[in-house]
Amino acid sequence: MLTFLRCTVFHLIIGSLMIVSLFPSTLLAAAVPSVRDVVVMPGESASIEIPVENQKTVSVDVALQLFSAEIVSGEEQPMIQELDAGIAGWVSLSTGSMILAGGEQDVMVVTVHPPADAQPQSFILALVATEIIEGDIALVHGAATLIFVTVGDVPTSAQCVDFVRNTDDGATLTLMNTGSGILYANGAVVLRGMFGIRFGTTPMNPMGHRIAANQTRSWTVSLPAIPWWAFGALHYSIDDEQIADDGCDSIAIGTRWLPIVGIGVAFITIFMLGFGILRRVSHSAI
911 MLTFLRCTVF HLIIGSLMIV SLFPSTLLAA AVPSVRDVVV MPGESASIEI
961 PVENQKTVSV DVALQLFSAE IVSGEEQPMI QELDAGIAGW VSLSTGSMIL
1011 AGGEQDVMVV TVHPPADAQP QSFILALVAT EIIEGDIALV HGAATLIFVT
1061 VGDVPTSAQC VDFVRNTDDG ATLTLMNTGS GILYANGAVV LRGMFGIRFG
1111 TTPMNPMGHR IAANQTRSWT VSLPAIPWWA FGALHYSIDD EQIADDGCDS
1161 IAIGTRWLPI VGIGVAFITI FMLGFGILRR VSHSAI
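Each residue of the sequence shown is one higher than the one before, starting from 911 at the first, in the working numbering.
These are calculated hints, taken from the structure and not from any lab test.
Do not take every clue at face value.
[Said to hold, decoys possible] Calculated cross-link-like contacts (lysine to aspartate or glutamate; reagent style DMTMM-like; alpha-carbon spacing at most 25 Å):
1) K966 / E1014
2) K966 / D1016
3) K966 / D1027
All values derive from a computational prediction rather than experimental measurement.
Generate coordinates for the entire structure from the input sequences, incorporating the hints supplied.
Here's what the structure looks like:
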């Protein structure tokens, strides 16, 4: 549960950075808030359910409100601000408040319903749950869930900014979203060798990092282990159709020829043994 000093609702929410993580959770919970996704076409509607939980032992009065959110480039904490007037009529909550007994959990439904003439676009909402203290405008607890919304078919593309190995089995990957939609980096880190043969693959982003339009983000990716039979000029590279081909250089590991030599020797040995056996059989038949 995020704990704040007593202040007005407006100044707390508008002036504060709400800590957000990619691990799913519930509002007003001891764990960190969650991140959700909504994809909807113009003229249609889409709804998601978000749990709201009171982890106190006493009853609480919870106020719920939607805000616009912006992720500043290079920052993990989003800026929360008043809901943009252009999309205020597109979103709604099933209720604006709820009273939860100690330990009770309820569900908040967020619905996005853009008009039929809405242009393809993406934006970020923040569902903020706050505890109201005896009707006062002040509060002591708050938590936010980020909702990444995509309306229509929005093009996505990315540019690799940096790809640097920092440990034996990890590297730092930096991507910039050069499109107008929300980028989900779902590619892979690939170990390649001679003739571009793949010797290993790991997910680029198993935790589903999201990158807002025109934003840059860095995170650590796991590098595939090098199998004993890998050969050639080995290197790690990024494999994602959304990322421009002229992006980051691959991470060179070095050249290994011993495995292919060993495989070649084994193949020749097997061939010669087979040829020798075939000759003996042929001579026996004669």
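Evaluated hints:
1. Restraint check for K966 and E1014: the C-alpha separation of about 9 Å stays at or below 25 Å, so the hint holds.
2. A threshold of 25 Å between alpha carbons decides the hint, and for K966 with D1016 the separation of about 14 Å falls inside it, so the pair holds.
3. Between K966 and D1027 the CA atoms are separated by roughly 45 Å; this puts the pair beyond 25 Å, and the hint is violated.
The structure shown violates just one earlier hint, number 3.
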